[in-house]
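*Asks:* Chains as they are written, first to last, in this note's numbering: chain A, 1 to 102; chain B, 103 to 672.
Bear in mind the hints are in silico, worked out from the structure with no lab data behind them.
C-beta: ideal position from N, C-alpha, C; glycine also.
It is possible that part of the hints are untrue.
[Stated by the list, open to error] When the alpha-carbon atoms are kept at most 20 angstroms apart in a straight line, the in silico PhoX-like pairs for lysine-lysine are as follows: (1) Lys-6(A) <-> Lys-598(B); (2) Lys-218(B) <-> Lys-158(B); (3) Lys-599(B) <-> Lys-4(A).
[What the hints assert, rightly or not] Incomplete in silico selection of chain B near chain A, CB under 7 angstroms: (4) Leu-152; (5) Leu-168; (6) Tyr-173; (7) Lys-218; (8) Glu-220; (9) Pro-223; (10) His-277; (11) Ala-393; (12) Leu-395; (13) Asp-540; (14) Ile-550; (15) Pro-551.
[Claimed, not checked] Not the full set, but computed from the structure, chain B residues with beta-carbon under 8 angstroms of chain A: (16) Gly-150; (17) Glu-154; (18) Leu-219; (19) Ile-572; (20) Val-596; (21) Gly-600.
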Amino acid sequence: MQAKVKTKGTAQPLVVTANRLRDGRVVWLAEGGAWVEHLAQAHVFLGEQAEAGLAEGAEAEKSQQVVGAYVAEVSVGPAGIVPVRARERFRALGPSVGAVAA
Amino acid sequence: MDIVEGHAALNAGVSTRAGIYHYDEYDREFLRERVAEFRGQVGRRLAGALTEDEFKPLRLMNGLYLQLHAYMLRCAIPYGVLSSAQMRQFAHVARVYDRGFGHFTTRQNLQFNWIKLEEAPDALAALAEADLHALQTSGNCIRNVTTDEFAGAAADELVDPRVYAEILRQWSTLHPEFSFLPRKFKIAITGAPTDRAAIQVHDIGLLAKPGPAGDVGFEVWAGGGLGRVPIIGTKLRDWLSERDFLGYMEAILRVYNALGGRENIHKARIKILVRDLGPEAFIRLVEDEFAALPREKFPLDPAVVAAIQAHFAAPAFADLPHAGTDLALRTAENSPFADWVAHNTHPHKQPGYISAIISLKPIGGIPGDATADQMDAIADLADRYSFDEVRVTHYQNLVLPHVRQDELFDVWHALRGLGLATPNIGTVTDIIACPGLDYCSLANARAIPVAQLLSERFADLRRQYDIGPITLNISGCINACGHHHVGAIGILGVDKKGEEFYQLTLGGSAGNDAAIGEIIGPAVPYDAVVDAVETVVKTYVAQRRPGEAFLQTYRRIGMAPFKDALYATA
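Extracted from the complex, chain A is given alone in its bound form:
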């Protein structure tokens, strides 16, 4: 189940994510307000900066782009942007089982 992430007082990098309204696909907020299908293209926020991302998410919900925008913790390193929690890893990578060709 989705865990509530605080934006204040955390040193963990954050991304804003949601599901796209028309097809439910997982998307992340990128630079410039676009919603992208690849985590690698997501905008990484630090601490309370993510509040601005959440506000963009709320606007995107009002304009029927996405559903349920929220903040997720990530780490940023040589492997790129990697979600901290298992749930977010599977949202980013898709199901870990077969029979799901796009």
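Starting from the known structure of chain A, fit chain B onto it as the hints suggest.
*Replies:* This is chain B only, laid out in the frame that chain A set:
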């Protein structure tokens, strides 16, 4: 859709041979109107006239969930009974609107995992062409009624439960008083002395049985359930007459609707009400409510029962000898076939016939998944060998209910060619698994890959058969869609600081000896769960007496030897 009288009209797309309830034009018009209504709602949502908060309850009323990666459409299969034409329509929807497969669930339903909101009305319209829908597969209403997968076929059956499951379906569909209950409500019914429908762990569980005068009555249970607070149900009645069937259901639901908790979602199921009131007080309230009902309004008319029974008349069985000589010869000369017959068939009430179970648990496969091509092929087999009928089991397998024993070898041969003849029903690889964290937004941990790894670990058939009858159920969260509480071995996925851990329970059963499994100890990480199950199984094998199944050994020796073995090696 109220209780209807007999219908003669049949949909051109739905087999007239299958023992299913045939819709009439009234039913079909209702489904078309419902799809049109939902199409309008989706259009308004996409146009911004409805917010998500406004739209969510509307989509859920049509079985459409938003999961981790996409929308999921949960399609109803009333009491797990399908015609071959309906199975083909599922295949069609899988190909056109999903990714070429579907997932059969523990509520005998089918879920599509990759539906697009903008296409959901078209998918529902396609389903409606085959008298299929997604009504009451979500929401705080009476959900799809489940039953024995061998209903109308089993040799030990006393009363055909499909008749009463259909009566419950009609009574509960759009029931104005029970469409907004405190929580969802699940009813299971069986008509055989061996409980294959898990009636003691349902909100209401029913055993249909004949009375001394040849009439039909019911043993009534209520207040059972799994999830966060697993509870074995309370028996309310040893005998409820057919005439009072719906009146008594009304009484139970009214008491629950009036007194069930609505403040806390985790305390809203009827099981909590029964627990908190105490069984005796709850029964008294139900009986008082029942006594106060205007009886003339609620009697179940025998003519209605007879009309519905006509829909489930036995197919045109051939007059065959009781013993399948051909079957005996074939099993004697073919060991793989003999294995499959021994594990994947069930005795039929009609001489010369047998029910064939199609395992959707190939070694390393995803429990309950079937591709569109497999669905079509199974429909073809049903046409040819089983009077156009297919059943869905709550163990996430399929059944061809009425197969001639002298044609069983041909069925097996065809299934083998399709990769659907794994002879593992009732063994340690016949694993129930919910979609878990691979798909479900509520899940804490994955269930499917754990099932796949376990299936591969225990792949050796001789070892499976040596281990003997056992149930291994996996849920990815405490909501327990994988029925882990009633697995002889249960596995529950939990979240520990964002990582997947698994808690094992032992001793559960959903049968006549229903029991909730006990937690063995601290949860283990993903990488250790298969070895943990291995340790439990090895402990059983070492401790068992000749002929003793896992549950018998567990009940004799208790938890301690298993716990010692598991945590001594940790």
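*Asks:* Hint by hint, say whether it matches the structure.
*Replies:* Hints versus structure:
1. Lys-6(A) <-> Lys-598(B): The given pair, whose Cα atoms are some 18 angstroms apart, holds under the 20 angstroms limit.
2. Lys-218(B) <-> Lys-158(B): Measuring from Cα to Cα gives roughly 15 angstroms; hence the hint holds.
3. Lys-599(B) <-> Lys-4(A): holds, 12 angstroms
4. Leu-152: violated, 10 angstroms
5. Leu-168: holds, 6 angstroms
6. Tyr-173: holds, 4 angstroms
7. Lys-218: At 4 angstroms from the nearest chain A Cβ, Lys-218(B) passes the 7 angstroms test, so the hint holds.
8. Glu-220: holds, 5 angstroms
9. Pro-223: With a minimum Cβ separation of about 13 angstroms from chain A (threshold 7 angstroms), the hint on Pro-223(B) is violated.
10. His-277: violated, 30 angstroms
11. Ala-393: violated, 43 angstroms
12. Leu-395: violated, 41 angstroms
13. Asp-540: Holds, because the Cβ-Cβ distance from Asp-540(B) to chain A comes to roughly 4 angstroms (cut-off 7 angstroms).
14. Ile-550: Because about 5 angstroms separates Ile-550(B) from the closest Cβ in chain A, which is inside the 7 angstroms limit, the hint holds.
15. Pro-551: holds, 6 angstroms
16. Gly-150: With a minimum Cβ separation of about 5 angstroms from chain A (threshold 8 angstroms), the hint on Gly-150(B) holds.
17. Glu-154: Holds, because the Cβ-Cβ distance from Glu-154(B) to chain A comes to roughly 5 angstroms (cut-off 8 angstroms).
18. Leu-219: holds, 6 angstroms
19. Ile-572: Violated - the Cβ of Ile-572(B) stays beyond 8 angstroms from chain A, reaching only about 23 angstroms at its closest.
20. Val-596: violated, 11 angstroms
21. Gly-600: holds, 4 angstroms
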